[in-house]
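Undergrad: Here is how the chains run, residue by residue.
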Amino acid sequence: MRAFPYQRLPGVVSLRVTSVELRGPDDIRDPLDTSAFSAIEQVVAPGSTGRDDWEWLRMKVSATVPGRATAPDSPWTDLAVVVVLSEGATNTRISTALTPGAENGRKWEGQLDLWRADHLDRATMSVHVVATVDGVAGREIAASAKDWIIDLKAEAPLRERELEVVEVGFREGPQWLRRFQEVPWAVDTSGDLPVVHINKDFEGVSDLVGGNGTSVDNMVRDLLIAQMCTDVWTAVFHTAIGDLEIEDDGTPLFPRDWRGEVLREMLPDVVPDLPVEDALSEVHRRRTGTSGWTDLQPRIHYAATRRGDVPKALSATIRGLDSIHRGADA
Amino acid sequence: MTDKPNFLPERLALLADLNAAQYLTEGLLSGKEDAPAIALNKTTEPLPHDGESRAELAPVRDLIDDAMYQFRDDRPTNADAWLAPRLHATLRLTRREAADRRIWNYLALGVAPDYVVWRHMVAKSEDGASKVAVRRFQGPAYTQAFARLWWAAELFRDGPDYAPVVTVCGIQDMLNTGLRIDMVDHRPTAQAMVRLMDRGTVRTGREVNALVAAINASAATLMYDVIAPDAERDGRPLREWIEAAESAPAVPRRDLPIGPYEEKVPERSVDVLAVHFAALFAEAPVRGRPGADEEAGGEV
Chain R
1 MRAFPYQRLP GVVSLRVTSV ELRGPDDIRD PLDTSAFSAI EQVVAPGSTG
51 RDDWEWLRMK VSATVPGRAT APDSPWTDLA VVVVLSEGAT NTRISTALTP
101 GAENGRKWEG QLDLWRADHL DRATMSVHVV ATVDGVAGRE IAASAKDWII
151 DLKAEAPLRE RELEVVEVGF REGPQWLRRF QEVPWAVDTS GDLPVVHINK
201 DFEGVSDLVG GNGTSVDNMV RDLLIAQMCT DVWTAVFHTA IGDLEIEDDG
251 TPLFPRDWRG EVLREMLPDV VPDLPVEDAL SEVHRRRTGT SGWTDLQPRI
301 HYAATRRGDV PKALSATIRG LDSIHRGADA
Chain L
1 MTDKPNFLPE RLALLADLNA AQYLTEGLLS GKEDAPAIAL NKTTEPLPHD
51 GESRAELAPV RDLIDDAMYQ FRDDRPTNAD AWLAPRLHAT LRLTRREAAD
101 RRIWNYLALG VAPDYVVWRH MVAKSEDGAS KVAVRRFQGP AYTQAFARLW
151 WAAELFRDGP DYAPVVTVCG IQDMLNTGLR IDMVDHRPTA QAMVRLMDRG
201 TVRTGREVNA LVAAINASAA TLMYDVIAPD AERDGRPLRE WIEAAESAPA
251 VPRRDLPIGP YEEKVPERSV DVLAVHFAAL FAEAPVRGRP GADEEAGGEV
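Quick mapping for you: the protein sequence lines, in order, are chains R and L.
Its first residue numbered 1, the first sequence is counted upward by one per residue in the UniProt record's numbering.
Its first residue numbered 1, the second sequence is counted upward by one per residue in the UniProt record's numbering.
Rather than coming from a laboratory, the hints here were simulated on the basis of the structure.
Don't take each hint at face value.
Per the computed footprint, the stretches of chain R lying under chain L, defined by three or more beta-carbons under 8 Å from a beta-carbon of chain L, are [unchecked claim]:
1) 74–88
2) 92–100
3) 107–118
4) 138–147
5) 169–179
Think of the CB as a built atom: it goes at the ideal place given N, C-alpha and C, for glycine as much as any other residue.
Sequences are here, hints too, so could you generate the full structure?
TA: Below you can see the structure in the form of C-alpha cells.
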C-alpha cells in the first residue's frame with residue numbers, strides 16, 4: 001500500500017463507455033453497435049465492425065465517483081474528474097475533463113476522441129479524480145482500479161488476447177523461416193505482438209489445427225494447441241525478460257508494450273510471494289548474475305504450461321482415450 | 001569504416017527484427033564491414049505507404065549525407081540537433097507508422113549503416129577496440145539511431161515549431177532520458193522542460209537528470225493534465241501535412257523545417273509547469289557541482 005502525504009478519497013471510482021462513434025474523412029458517422037464494446041470486459045473493439053475507413057472515433061464516457069467527494073465538509077476543493085487515454089507504444093497521451101451530471105455530483109460525463117493514426121495496438125483509458133488538497137492544486141485523490149482498453153487490432157471486445165496465427169509455407173516463406181522448414185510451427189516474438197507461424201509445408205498440420213474432425217482428431221488438436229501455447233508463453237517470457245530497460249541504479253523497468261503485460265501475468269507464478277516489481281528485479285538479477293537462472297527454468301516452464309492449458313488438454317485427452325479404449329474393449 | 005550501401009533501391013522498406021539480426025555482425029558493429037545491400041533488400045517488405053512520395057529513399061539518404069558532411073570535423077553528437085527535425089519532416093510518418101520498428105531497422109541497415117557507425121562508435125576502454133552497440137541499429141525507440149531522433153522531434157516539437165527539438169538535442173541526457181519517461185507524452189510537460197533548458201536553469205546532463213527525477217516523483221501525486229491542460233488533440237493537420245508531402249520540396253538545410261500545423265501547446269500551461277518545475281529543481285539534489293560537466297554528460 002502506498003502512503004500519500006494528503007487525504008485521498010476512499011471508495012470505488014468507475015468508468016463506463018456509453019457510446020462509440022466512428023468518424024471518417026468524408027464525415028461518415030457510424031455509431032458502433034453495442035457488441036463492439038463490452039462493459040464487462042471493459043474493451044472497445046472498433047475492428048469488430050469490419051470497417052477500415054474510419055479516421056477517428058468519439059467515445060461518450062461516464063464516471064461514477066463516491067458521493068463523499070462533493071460532500072460540503074470534504075477536505076477537497078476544485079474537484080475535477082478527468083479521463084486519460086494513453087498508449088506506450090506510440091507515446092500518446094490525451095485527456096479530457098468530465099462535467100458533473102445527475103445523481104448529486106456522483107456521475108460525471110464527457111467525451112474523448114481517439115485518432116487512429118496516433119495508435120498502434122491497444123490504448124488504455126482510466127479515470128482520475130483530482131482536487132486541491134491542503135492548498136496544493138492538482139492532487140490525484142482517487143482513480144479507477146481497472147482500465148478500459150481500446151483495442152485497434154482485435155475483432156471482438158475481449159480483454160484476453162487471442163494468439164495471432166499465420167499459416168505460411170516455411171520453404172518459400174520469409175527468409176528466417178526457411179531454416180525451420182522441418183518443424184510444424186515457429187514463434188516470432190520480435191514484432192508488435194507475438195505471432196505463431198504454422199508451417200503449411202508440414203503436411204496435414206494446418207488441417208489438424210484449424211479443423212473440426214472426429215473426437216480423436218479434436219483431442220489431438222487441443223493437445224497440439226496447448227503445446228503451441230506453451231511454446232509461445234515460454235518464448236514471450238524469455239523475450240520480455242531478455243530485453244529490459246534498466247534504471248541507473250540497476251532497477252529493471254516493466255516494458256510498456258505486450259512484453260510488460262506478459263511479465264506481470266507470469267511473474268507471480270515464476271517468483272511467487274513477491275510483489276511483481278520485486279519479482280522482476282529478482283528474475284533479472286538471476287538471469288544476468290552468476291547463479292540462480294537455471295533454478296528458475298522449471299518455474300518458467302510451470303508458468304507457461306499453466307497458461308497453455310496443458311493440464312486441462314492432457315487430462316481431457318487421457319480421459320477421452322480411456323473411454324475410446326473402453327468402447328473398443330466392449 | 002563501414003561505407004554507404006553499394007545498392008540503394010528507390011523506396012524505403014521494412015526490415016523485420018529477425019531478418020535484421022543476421023546482418024548485425026561483429027564486422028559491422030566494429031565498423032570494419034558493410035551491410036550486404038543486395039541480400040538485405042531481398043528480405044524486406046514494402047511500406048504500407050509505398051506508393052507515396054514520402055516512401056522515397058533518396059531524400060533521406062541525401063539528408064544523412066549532408067549531416068555527415070556538415071559535421072565531419074565536429075563531434076558527431078552535434079549532428080543530432082540538426083538531423084532530428086529534418087529527418088522528421090522528410091519522413092512524415094504518423095505515430096502508428098513510427099511505432100513499427102521495422103522501418104528503423106531498415107534505415108539503419110539498408111539506408112545508412114555508415115551513419116550509425118559514424119555517429120555511435122564508442123571506444124572501448126579496456127583494449128581500445130571501438131564498437132557500435134547493437135541497440136543503435138535495432139532496438140527500442142529511445143536507443144535506435146534514427147528512431148530516437150524521430151521521436152525526439154515528435155515529442156518535443158511545439159506544433160509546427162521544431163525549435164524546442166534543437167534545444168533538447170543539445171543536451172544528450174535530455175535526449176536519452178527524456179524519451180524514456182512517460183511524462184513527456186504530455187506536451188505541456190515536455191515544453192516546460194524545454195523552457196527550463198532555454199532559460200539556462202538546467203544546462204548539464206546531471207542537472208537534467210536531477211530535474212527529470214524530481215518531476216517523476218512529483219507526477220506520482222499531481223495530475224499535470226489538470227493543472228496544465230493541453231489543447232484538444234486534432235489529427236487533421238497531421239493528415240494534411242502528410243498529404244502535402246506529395247508536392248513538398250526537400251527540407252531546408254539552413255532554416256528549420258515546418259511541422260504539421262497542429263495547435264501549439266497553451267502558453268499558460270507551459271508557464272504554470274515551468275514555475276512548478278523550477279521550484280522542484282531548486283530543491284532537487286544535483287550530483288557533483290552544478291556546471292561542473294558542461295559536456296554531453298552521460299553520452300554513450
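Undergrad: Now, for every hint given, state plainly whether the structure supports it.
TA: Do the hints match the structure? See the list:
1. Taking a C-beta to C-beta cut-off of 8 Å, the segment 74–88 of chain R contributes 5 residues in contact with chain L, enough for the three needed, and the coverage statement holds.
2. Given a C-beta distance limit of less than 8 Å, the hint that chain L covers the segment 92–100 of chain R holds, as 6 residues qualify and 3 suffice.
3. Coverage of a stretch by a chain is defined here by at least three residues with a beta carbon nearer than 8 Å to that chain's beta carbons; for the segment 107–118 of chain R and chain L the count is 5, and the condition holds.
4. Coverage of a stretch by a chain is defined here by at least three residues with a beta carbon nearer than 8 Å to that chain's beta carbons; for the segment 138–147 of chain R and chain L the count is 3, and the condition holds.
5. Note: the segment 169–179 of chain R has 3 residues with beta-carbon separation from chain L under 8 Å; the three-residue rule is met and the coverage holds.
Comparing the model with each earlier hint shows no violations; every hint is respected.
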